[in-house]
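Asks: Following the hints, complete the assembly by docking chains R and B onto the known chain D.
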Amino acid sequence: MRITDSRGTTAVIGAVLGVGALITAFPFVWMVSGSVKPRSESVGHPPRILPREPTPQYFTQLFEEMDFGRYLVNTVAVVLISMTGVVLMAMAGYGFAKFRFRGRGPLFFLVLATMMVPVQVTMIPTYLLLDGVRLTDTLAGVALPGLVSGFSVFLFRQFISTVPTETIEAARIDGAGEVRVFWHIVLPLCRPIMAVQIILTFIGSWNSFLWPLIIATDQRYYTLSVGVSLLNRQIATNPSLQMAGATLMVVPVLIVFVVFQRSIVRGFTLSGLK
Amino acid sequence: MRRLRPAPVAPILAVSLIMLAACSESGGGADRELTVWIMGDSSAHFQELVRPFTDRTGIGVDTVAIPWDSADQKLTTAVASGRGPDVLQIGLSKARVIAGSGALLELDEETLKGHANLTARNFLGGLPAADGKAGGKAVSVPWVSDTRVLFYRTDVLAAKGITRPPETWDQVRADARLLASRGAGAFGYFIPQWDSALPVIMTWAMGGHIVNADGEIAFDTPAFRKAVDLYTGMYADRSVPADTDFDQVQGFVSGVTPMLVSGPYLAGAIASAAPELAGKWAIALTPGDVTRTSLLAGSNLGVWGTTDDRDGALRLLDYLADPRTQLTWYRLDGQLPAARSALGEVRRSPDPAAKVYSKQLDDARPLPQVPNWDGETGKALLDTLNAIVLTGANRDTALRGLYAATDGTPAR
Amino acid sequence: MKPPIAPYAFIAPALLLLLAFGVLPVVVALLVSVTDLDLAGLADWANVGFVGLENYRELLADHGFWQALANTGIYAVFGVPAVVVASLAVALLLNRSENRFFRALRAFYFVPAVTAIVAVSLVWGYLYNTRFGLLNHLLSLVGLPPAQWLGDSVLVKFSVALVAVWRGTGLNIIIFLAALKGIPREYLEAAALDGASELRKITSIVLPLLRFAILFVTVTTVIAWLQLFDEPYVLTKGGPLGRSTSISLFLYQEGFAAGRFGYAGAGTLVLFLVIAGATLVQMRARRFDADH
Numbered sequence: 001m002r003i004t005d006s007r008g009t010t011a012v013i014g015a016v017l018g019v020g021a022l023i024t025a026f027p028f029v030w031m032v033s034g035s036v037k038p039r040s041e042s043v044g045h046p047p048r049i050l051p052r053e054p055t056p057q058y059f060t061q062l063f064e065e066m067d068f069g070r071y072l073v074n075t076v077a078v079v080l081i082s083m084t085g086v087v088l089m090a091m092a093g094y095g096f097a098k099f100r101f102r103g104r105g106p107l108f109f110l111v112l113a114t115m116m117v118p119v120q121v122t123m124i125p126t127y128l129l130l131d132g133v134r135l136t137d138t139l140a141g142v143a144l145p146g147l148v149s150g151f152s153v154f155l156f157r158q159f160i161s162t163v164p165t166e167t168i169e170a171a172r173i174d175g176a177g178e179v180r181v182f183w184h185i186v187l188p189l190c191r192p193i194m195a196v197q198i199i200l201t202f203i204g205s206w207n208s209f210l211w212p213l214i215i216a217t218d219q220r221y222y223t224l225s226v227g228v229s230l231l232n233r234q235i236a237t238n239p240s241l242q243m244a245g246a247t248l249m250v251v252p253v254l255i256v257f258v259v260f261q262r263s264i265v266r267g268f269t270l271s272g273l274k
Numbered sequence: 001m002r003r004l005r006p007a008p009v010a011p012i013l014a015v016s017l018i019m020l021a022a023c024s025e026s027g028g029g030a031d032r033e034l035t036v037w038i039m040g041d042s043s044a045h046f047q048e049l050v051r052p053f054t055d056r057t058g059i060g061v062d063t064v065a066i067p068w069d070s071a072d073q074k075l076t077t078a079v080a081s082g083r084g085p086d087v088l089q090i091g092l093s094k095a096r097v098i099a100g101s102g103a104l105l106e107l108d109e110e111t112l113k114g115h116a117n118l119t120a121r122n123f124l125g126g127l128p129a130a131d132g133k134a135g136g137k138a139v140s141v142p143w144v145s146d147t148r149v150l151f152y153r154t155d156v157l158a159a160k161g162i163t164r165p166p167e168t169w170d171q172v173r174a175d176a177r178l179l180a181s182r183g184a185g186a187f188g189y190f191i192p193q194w195d196s197a198l199p200v201i202m203t204w205a206m207g208g209h210i211v212n213a214d215g216e217i218a219f220d221t222p223a224f225r226k227a228v229d230l231y232t233g234m235y236a237d238r239s240v241p242a243d244t245d246f247d248q249v250q251g252f253v254s255g256v257t258p259m260l261v262s263g264p265y266l267a268g269a270i271a272s273a274a275p276e277l278a279g280k281w282a283i284a285l286t287p288g289d290v291t292r293t294s295l296l297a298g299s300n301l302g303v304w305g306t307t308d309d310r311d312g313a314l315r316l317l318d319y320l321a322d323p324r325t326q327l328t329w330y331r332l333d334g335q336l337p338a339a340r341s342a343l344g345e346v347r348r349s350p351d352p353a354a355k356v357y358s359k360q361l362d363d364a365r366p367l368p369q370v371p372n373w374d375g376e377t378g379k380a381l382l383d384t385l386n387a388i389v390l391t392g393a394n395r396d397t398a399l400r401g402l403y404a405a406t407d408g409t410p411a412r
Numbered sequence: 001m002k003p004p005i006a007p008y009a010f011i012a013p014a015l016l017l018l019l020a021f022g023v024l025p026v027v028v029a030l031l032v033s034v035t036d037l038d039l040a041g042l043a044d045w046a047n048v049g050f051v052g053l054e055n056y057r058e059l060l061a062d063h064g065f066w067q068a069l070a071n072t073g074i075y076a077v078f079g080v081p082a083v084v085v086a087s088l089a090v091a092l093l094l095n096r097s098e099n100r101f102f103r104a105l106r107a108f109y110f111v112p113a114v115t116a117i118v119a120v121s122l123v124w125g126y127l128y129n130t131r132f133g134l135l136n137h138l139l140s141l142v143g144l145p146p147a148q149w150l151g152d153s154v155l156v157k158f159s160v161a162l163v164a165v166w167r168g169t170g171l172n173i174i175i176f177l178a179a180l181k182g183i184p185r186e187y188l189e190a191a192a193l194d195g196a197s198e199l200r201k202i203t204s205i206v207l208p209l210l211r212f213a214i215l216f217v218t219v220t221t222v223i224a225w226l227q228l229f230d231e232p233y234v235l236t237k238g239g240p241l242g243r244s245t246s247i248s249l250f251l252y253q254e255g256f257a258a259g260r261f262g263y264a265g266a267g268t269l270v271l272f273l274v275i276a277g278a279t280l281v282q283m284r285a286r287r288f289d290a291d292h
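First to last, the protein sequences are chains D, R and B.
For what it's worth, the working numbering labels the leading residue of the first sequence as 1, then goes sequentially.
For what it's worth, the working numbering labels the leading residue of the second sequence as 1, then goes sequentially.
For what it's worth, the working numbering labels the leading residue of the third sequence as 1, then goes sequentially.
Check each hint, because a few of them may be wrong.
Taking CB as the label site, the calculated pair distances span [unchecked claim]:
1) B:Leu144 to D:Arg52: 23 to 29 Å
2) B:Ala46 to R:Ala236: 25 to 31 Å
3) D:Val16 to R:Leu332: 52 to 58 Å
Derived lysine to aspartate or glutamate pairs resembling EDC-like cross-links, with alpha carbons at most 20 Å apart [to be verified]:
4) B:Lys237 to R:Asp72
5) R:Lys94 to B:Asp38
6) B:Lys237 to R:Asp407
7) B:Lys237 to R:Asp374
8) R:Lys379 to R:Asp407
9) R:Lys226 to R:Asp195
It is worth saying that the hints were derived from the structure and are not from the lab.
Predicted, not measured: the structure shown is a model, and the values here were computed from it.
Backbone N, C-alpha and C fix where the C-beta goes; we use that ideal spot for every residue, glycine too.
Only chain D is shown next, with the shape it has when bound in the complex (with noise of 0.2 Å):
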């Protein structure tokens, strides 16, 4: 949209943009700010955008003290873990958009409407599964339940029924087995589909709150978000570390976002969804 005759406007809509990208991002400002805030200032009243002495002490103390290098390396661990989901949710996206079986229509609606059930009200039952198969206490125990998301699912089949069915009949047709096609055809055609995909399962698992304090028994296996949540002491508050457990939650998120920025977009792009 190379219109030269408004560059103007293109400035216009610019400085806009800029205004707003700071306001909204203005939270996110004043949780960096907060972190190297020492606490009297933290506390301190009227509330000052800039530290005066800023420090990393609460950095320092989060990874000393408070154990939060294991919360990283678990939520790490749990991250890796869903990504298995990723594969599992495009093998299904697949099943759905390039098979005609029976039951297809119902169960693709099943899949919907997972989508619209209330998660926090179901984590006895899920809790009680999990328990079932012994898997409560455990790393794998904390990502099953986010593993596969039927929003995801969804998305994938959108994408994958804009592959040329040709392809793919030309490979069964060589003689490729079933798992060869996928394997080889069509998941590499999947890449910014799965770009967007290992993205929102990063935000997603990396960010999970409710669900990892709760299955875990062991403090071993509490995330950072647990962790963060267990700096919220109940009198006695320090406000500077707790922005500093929320900083170190949202920097790496954002590291990711902007370098795989383009394959996002590129990704819901061609995904269909127009």
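Replies: Only chains R and B this time, still in chain D's reference frame:
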């Protein structure tokens, strides 16, 4: 994104290894280890507290910190699956609910034999140990005690000519009005909107009870109504802030709310949030018109019913009830002991705050042991009062609603 | 003929997981809703009794339930259009140029969406704090009285919704941006040649072509807002006096805090039906064609 092509093998291998590791419960070696649930802040210190126990007995202790907000969820899922910790900390206000679930080990004389420190006589009188279902079976033992005292800013009060802390609630109300006149944005007293114990303390101060002779909740008494008038009156005087999200530490430190009734944990919070305030604040006994009875609170410890190391758990409980351990805990974490002799030591300490706490504990009463104070009775009380002061509900209608909702609730 | 096993094999793992963690809990909720399951009942099933439709009757008579339902309705009615319009507007503006500045801006708009809710609650809690918070401090600088952002019965809903809108736009901006990039340039250039103004182009060409994306975003946003939980939970726990409780939060509090699982089960079923109903209505309103 060429990287995605050769990628499959390596990450799959990595993930499989992680999953294998993840699926294995990392149970330690053959050594005994007890899992202990400790609430929120105290878990780090607790680990230090139990080190001598591990050294002496060889039984390891794995402390799990439970965030305050999630105590209910953790308990529910533990009860649902039948698998919980070995030992857990139980706030007194939750004791009945937990006991009612039947999840805790019964601690009768037979079970407690050989653990000298756990005899009821050793603990501060009035602390509920027998809090099981109807039948009065003990399922927990006291661990730490807690009470409420008056915190006040000596400098702020002195600036307004108040040289001694108020001793009756009428004085509190008058002093609060004076302090609130300092100007816009200044108040005299802070009432936490989540504190269901405060109106009960006020009722006791007026010489009343909220449990009648039949052992049932009965709010409809003159003393309670006086307490309600006091509570709502301070709001009406504009001596108390009506914000729902008021930070009491910040309020006290900044001088906005220079008086409030709270527990020892607040002292620790003020000291760490504002060490420069030392010397400018003090504590005194809870005010009272007829009596200066305050709240007797605290936490107990219980043994999980299906624990596989009953003996180890009981030995840990015994260790924690030892007066020396109790004193160490007071030094480490600031929580008052429940063992009588330990409390005697605290009383003899030169710290003026310690003297006030132990004196207050001599005249302190626990909340009624109803089936569910936090979730039902206490909540109904708070909702009623907050409706009156925050949303302007009619006092008499609201109170009638409270009586209807709570009358007859059994309270041992 | 193709062996019929293949499709089932492909969908099986994901489907089984969805059934286990998505469908089964609703079934359990249905079963539990006709009992009086509580904490004691969880410990020992012998304590559980059948109560028929008693839970439902109690639910419908519970003032708290209707209040939560009404709050959720208010949230959805104001929040969903806000999210959809704001996301669309920002996406349209961001689409103006592909230069580095505009691309960098995307990250800023995405920040709220990736911030963990625990972190969000900390920051917004401080911003909203009546006495010591930044927003009221700013108000005082321009001479305005402090607002009870989370304390006032009416304002609290706005404050909670604002945070939810703030969080909800991020992903939808990306979705709309992607959809916009999928519009063939020829259409727009043809229109420009015909002398159409920017606004004309947007309303007559872009928006109609975005129909599907708009529907998709609207449907998913409605579903998300009917399940609103995180924001009221961390900001106000439903207060003051239930004025900001959403239905999801109400059920969670009944289930865990009060330990009345049968009651919560009844509510879960009702909520599920409401969401399903709302979704069906939206689909019917626009023919939902997923396979074009």
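Asks: What are the numbers of the hints that this structure violates, sorted from low to high?
Replies: 2 and 6
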